Every structure is written in C-alpha cells, then in structure tokens.
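Asker: The numbering of the sequence shown is my numbering, which starts it at 8 and goes up by one.
Heads up, a few of these hints could be off.
With beta-carbon atoms standing in for the labels, derived distance ranges [stated by the list, open to error]: (1) Glu-220 <-> Asp-80: 19 to 25 Å; (2) Lys-156 <-> Asn-48: 36 to 42 Å; (3) Val-159 <-> Glu-87: 29 to 35 Å; (4) Ile-113 <-> Gln-173: 46 to 52 Å; (5) Glu-202 <-> Glu-59: 40 to 46 Å; (6) Leu-47 <-> Lys-156: 42 to 48 Å; (7) Glu-110 <-> Lys-156: 23 to 29 Å; (8) Glu-202 <-> Lys-140: 19 to 25 Å; (9) Lys-100 <-> Gln-40: 16 to 22 Å.
List of simulated lysine to aspartate or glutamate pairs, DMTMM-like, C-alpha gap at most 20 Å [unchecked claim]: (10) Lys-194 <-> Asp-165; (11) Lys-63 <-> Glu-87; (12) Lys-135 <-> Asp-116; (13) Lys-163 <-> Glu-220; (14) Lys-93 <-> Glu-114; (15) Lys-135 <-> Glu-154; (16) Lys-200 <-> Glu-157; (17) Lys-194 <-> Glu-88; (18) Lys-156 <-> Glu-115; (19) Lys-141 <-> Asp-165; (20) Lys-140 <-> Glu-181; (21) Lys-141 <-> Asp-116; (22) Lys-161 <-> Glu-115; (23) Lys-161 <-> Glu-192; (24) Lys-161 <-> Glu-88; (25) Lys-100 <-> Glu-157; (26) Lys-163 <-> Asp-195; (27) Lys-135 <-> Glu-114; (28) Lys-175 <-> Glu-154; (29) Lys-156 <-> Asp-116; (30) Lys-156 <-> Glu-220; (31) Lys-141 <-> Asp-170; (32) Lys-161 <-> Asp-195; (33) Lys-156 <-> Glu-87; (34) Lys-140 <-> Asp-116; (35) Lys-175 <-> Glu-192.
It is worth saying that the hints were derived from the structure and are not from the lab. No experiment lies behind these values; they were computed from the predicted model shown. All C-beta atoms, glycine included, are put in the ideal place defined by N, C-alpha and C.
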Amino acid sequence: MEINTVNIVKKLTKLNNTQDDIEFKQIVPYINQHFIFNTLNSILALCRQNSEEARKVVIELSNYLRFNFNVTDKNILLHEEVEYIKSYLYIQKVRFGDRLNIEYQIEEDINFLIPKNSLYNLIDNSIKHGILKKTHGGTISFIITREIKEIVIKIKDDGVGMDQCQIKKILNGENYGSTSNLNSEYKDLYNAKLEVISTMIIGTYITLYIPIEYIEFV
Numbered sequence: 008m009e010i011n012t013v014n015i016v017k018k019l020t021k022l023n024n025t026q027d028d029i030e031f032k033q034i035v036p037y038i039n040q041h042f043i044f045n046t047l048n049s050i051l052a053l054c055r056q057n058s059e060e061a062r063k064v065v066i067e068l069s070n071y072l073r074f075n076f077n078v079t080d081k082n083i084l085l086h087e088e089v090e091y092i093k094s095y096l097y098i099q100k101v102r103f104g105d106r107l108n109i110e111y112q113i114e115e116d117i118n119f120l121i122p123k124n125s126l127y128n129l130i131d132n133s134i135k136h137g138i139l140k141k142t143h144g145g146t147i148s149f150i151i152t153r154e155i156k157e158i159v160i161k162i163k164d165d166g167v168g169m170d171q172c173q174i175k176k177i178l179n180g181e182n183y184g185s186t187s188n189l190n191s192e193y194k195d196l197y198n199a200k201l202e203v204i205s206t207m208i209i210g211t212y213i214t215l216y217i218p219i220e221y222i223e224f225v
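Input sequences plus hints: build the corresponding full structure.
Answerer: See the structure below:
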C-alpha cells in the first residue's frame with residue numbers, strides 16, 4: 008500500500024502549529040493588547056514632555072511583560088504578584104492621572120504561594136468596572152496584613168459598586184468572573200473565606216481571610 012508522505016507531513020505540521028498556539032496561549036493568557044497599545048501611546052507622549060517619567064513607565068511595562076511571559080506554575084509567590092500589580096497600577100496612574108488614586112498598606116514580611124493573577128484580576132476589575140465608571144474616578148486601596156490567626160487581603164474602591172443580587176451570585180459561584188474564581192481557588196488551597204461588601208454609587212470592599220494554619224510561609 009502506498010503511503011501519502013505529503014499528507015502525513017501536512018498533518019504533523021498542523022499538529023505542531025496547533026500545539027505551539029496552545030502553549031503560547033497558556034504562557035500569555037492575561038496580556039491585554041489594548042493596555043499595551045495605550046501604554047505605548049502614553050510613553051510616546053511622555054517622551055516629548057517628561058523623558059524621565061517615560062523611562063519609568065518603560066521599566067514598569069517591562070516588569071509587567073516579564074511577569075506575563077514568564078512560564079511558571081499556576082501558583083506563584085505573593086511578592087511576585089504584588090510587584091506585578093504595582094507596575095500595572097503605576098502605568099494606569101500615569102494614564103489616568105487624577106481620575107485614579109492608589110493607596111497601599113502591605114506588610115512586607117508576608118510571602119506564600121497564591122494562584123497567579125488572582126489578586127491582579129480583582130485590581131483590574133475594580134479599576135475598569137468600578138472607579139473608571141465614575142466621571143471623576145476614585146481611589147483603590149490594596150491592603151495585606153497579618154492578624155493573629157489569619158492573613159487579610161483587602162481590595163477597596165469607591166467606584167460604582169454592585170447590587171446585592173450580583174454579590175449573591177459571586178459568593179454562590181453562579182457568576183464565573185474573577186471574584187468567584189478567587190473564592191473557589193483560595194477556598195481549595197487554604198480554606199479561605201471571601202467577603203464582598205458593596206453599595207451602589209459608594210463602592211466595593213473585597214476581603215479575603217486566609218487562616219495562618221494552612222499557610223506555608225517562605
């Protein structure tokens with residue numbers, strides 16, 4: 008029986024290309040193209056006005072991209088995620104100016120494994136769907152503290168808020184957004200508790216309580 012070598016080669020090539028595409032998407036699933044293009048435009052404008060600020064934004068963008076292109080496990084160190092978030096927020100502050108205010112209260116000696124992008128996604132949502140929905144913008148607070156029996160991670164914003172129906176869906180897992188995913192991931196990893204408090208027009212408080220007894224600090 009004659010073997011069609013050309014067809015076999017075509018199938019293998021297609022399979023390899025598909026595999027490469029899958030691997031690439033696994034490596035860079037979180038990069039937002041609009042964010043990158045908008046940041047590059049901001050850098051271009053800053054080059055004419057404030058070259059030192061432009062240099063800082065390039066450094067933060069480099070940190071942002073390095074984090075996303077770095078092939079890691081699904082879980083990464085908290086410190087890595089925090090530094091990534093700080094780079095992202097620095098760039099967003101440059102872009103939106105007075106419409107975005109940022110507050111940090113982060114205890115530096117807390118470090119353990121967390122799901123990659125879990126906190127970043129909450130920060131991103133707070134800005135896009137909370138603060139920037141308001142004409143005059145608002146403030147986002149990123150807080151990580153150690154209590155007696157738990158680590159408390161809190162993300163607060165004074166954006167447009169959510170209604171109680173939406174909160175209920177998030178906590179019940181009916182809403183498959185980043186907050187529901189976070190609830191599931193941290194509950195599986197650390198038996199953590201998620202609290203969502205939100206009021207329309209006033210803002211949203213998302214708090215994660217992680218029992219210290221389940222954490223292996225590094």
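Asker: The structure should be examined with respect to each hint, and the outcome stated for every one.
Answerer: Verification of the supplied hints:
One distance hint, 19 to 25 Å for the beta-carbon pair Glu-220 and Asp-80, holds here, with the actual separation near 23 Å. Taking the beta carbon of each, Lys-156 and Asn-48 are about 47 Å apart, not inside 36 to 42 Å as hinted. Roughly 20 Å separates the CB atoms of Val-159 and Glu-87, a value that falls outside the hinted 29 to 35 Å. The supplied range of 46 to 52 Å is broken by Ile-113 and Gln-173, whose beta-carbon atoms lie about 28 Å from each other.
Remark: the range hint 40 to 46 Å for Glu-202 to Glu-59 is upheld by a beta-carbon distance near 41 Å. Taking 42 to 48 Å as the suggested C-beta distance range, the pair Leu-47 and Lys-156 conforms, at roughly 46 Å. For Glu-110 and Lys-156, the Cβ-Cβ distance of about 25 Å falls inside the hinted range of 23 to 29 Å, so the restraint holds. Under the hint 19 to 25 Å, the C-beta atoms of Glu-202 and Lys-140, about 22 Å apart, fit the expected range.
The hint said 16 to 22 Å for the Cβ distance between Lys-100 and Gln-40, and at roughly 20 Å that hint holds. For a cut-off of 20 Å, the pair hint linking Lys-194 to Asp-165 is broken: about 26 Å separates their Cα positions. At roughly 19 Å between alpha-carbon atoms, Lys-63 and Glu-87 fall within 20 Å of each other, so this suggested pair holds. The hinted pair formed by Lys-135 and Asp-116 fails the criterion: a straight-line CA distance of about 30 Å is larger than 20 Å.
For the given pair, Lys-163 sits about 26 Å from Glu-220 by alpha-carbon distance, which is inconsistent with the 20 Å threshold. For the hint pairing Lys-93 with Glu-114, the CA-to-CA distance comes to about 14 Å; that is within 20 Å, so the pair holds. As the CA atoms of Lys-135 and Glu-154 are separated by approximately 30 Å, the hinted pair breaks the 20 Å bound. Taking the CA atoms of Lys-200 and Glu-157, the gap is about 10 Å. The hint holds against a cut of 20 Å.
The suggested pairing of Lys-194 with Glu-88 holds, with an alpha-carbon distance near 19 Å, which does not exceed 20 Å. With a C-alpha separation of about 18 Å, the suggested pair Lys-156 and Glu-115 falls inside the 20 Å cut-off, and the hint holds. Restraint check for Lys-141 and Asp-165: satisfied, since their Cα atoms lie roughly 9 Å apart, inside the 20 Å limit. Of the pairs offered as hints, the one joining Lys-140 and Glu-181 is violated, with about 24 Å between alpha carbons and a cut-off of 20 Å exceeded.
Taken as a hint, the Lys-141 and Asp-116 pair is broken in the structure, with Cα atoms around 35 Å apart against an allowance of 20 Å. The hinted pair formed by Lys-161 and Glu-115 meets the criterion: a straight-line CA distance of about 15 Å does not exceed 20 Å. Between the alpha carbons of Lys-161 and Glu-192 the distance comes to roughly 16 Å, so the proposed pair stays at or under 20 Å and holds. Taking the CA atoms of Lys-161 and Glu-88, the gap is near 14 Å; set against the 20 Å cutoff, the hint holds.
A distance of roughly 31 Å separates the Cα atoms of Lys-100 and Glu-157; the hinted pair therefore is violated under the 20 Å criterion. Under the criterion of a C-alpha separation no larger than 20 Å, the hint pairing Lys-163 with Asp-195 is inconsistent with the structure, at around 24 Å. For the hint pairing Lys-135 with Glu-114, the CA-to-CA distance comes to about 26 Å; that exceeds 20 Å, so the pair is violated. For a cut-off of 20 Å, the pair hint linking Lys-175 to Glu-154 is broken: about 27 Å separates their Cα positions.
The straight-line distance between the Cα atoms of Lys-156 and Asp-116 is roughly 16 Å, inside the 20 Å bound, and the hint therefore holds. For the suggested pair Lys-156 and Glu-220, the alpha carbons sit about 8 Å apart, so the restraint of at most 20 Å is met. Taking the CA atoms of Lys-141 and Asp-170, the gap is near 16 Å; set against the 20 Å cutoff, the hint holds. At most 20 Å may separate the alpha-carbon atoms for a hinted pair to count; Lys-161 and Asp-195 meet this at roughly 19 Å.
Under the criterion of a C-alpha separation no larger than 20 Å, the hint pairing Lys-156 with Glu-87 is inconsistent with the structure, at around 24 Å. At roughly 35 Å between alpha-carbon atoms, Lys-140 and Asp-116 are farther apart than 20 Å, so this suggested pair is violated. Between Lys-175 and Glu-192 the CA atoms are separated by roughly 18 Å; this keeps the pair inside 20 Å, and the hint holds.
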